[in-house]
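J.: Sequence:
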Amino acid sequence: MWSPQLSETARRGMILVLFLIGTSLSLRALRAVGWRTLVKG
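Letter by letter, the sequence shown follows residues 12 to 52 of the numbering used here.
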């Protein structure tokens, strides 16, 4: 029941973490820039 949703959430989280590692960004830097700028980029 929860397995597909949990699996998808975990997969998206892993993609986000790997993206941040690859771009050398931190969550603190993303907060400073703002989500609108990140979406536009």
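Treat each hint with caution, since some may be false.
To be verified - Straight-line Cα separation of at most 25 Å, SDA-like style, residue types lysine to any residue; simulated pairs:
hint, residue 1, residue 2
1, Lys51, Met25
2, Lys51, Trp13
3, Lys51, Arg23
4, Lys51, Ser14
5, Lys51, Ser35
6, Lys51, Leu29
7, Lys51, Ser37
As the list claims (entries may be wrong) - Label pairs and their computed distance ranges (CB to CB):
hint, residue 1, residue 2, range
8, Leu38, Ser18, 16 to 26 Å
9, Val28, Thr48, 16 to 26 Å
10, Lys51, Leu29, 28 to 38 Å
11, Trp13, Ala43, 17 to 27 Å
12, Val50, Glu19, 15 to 25 Å
13, Thr20, Val50, 28 to 38 Å
14, Thr20, Leu41, 31 to 41 Å
15, Trp46, Glu19, 27 to 37 Å
These aren't lab readings, by the way, just hints derived from the structure by calculation. Ideal Cβ positions, reconstructed from N, Cα and C, are used throughout, including at glycine.
J.: Which earlier hints can't be squared with this structure?
T.: 2, 4, 10, 11, 13, 14 and 15
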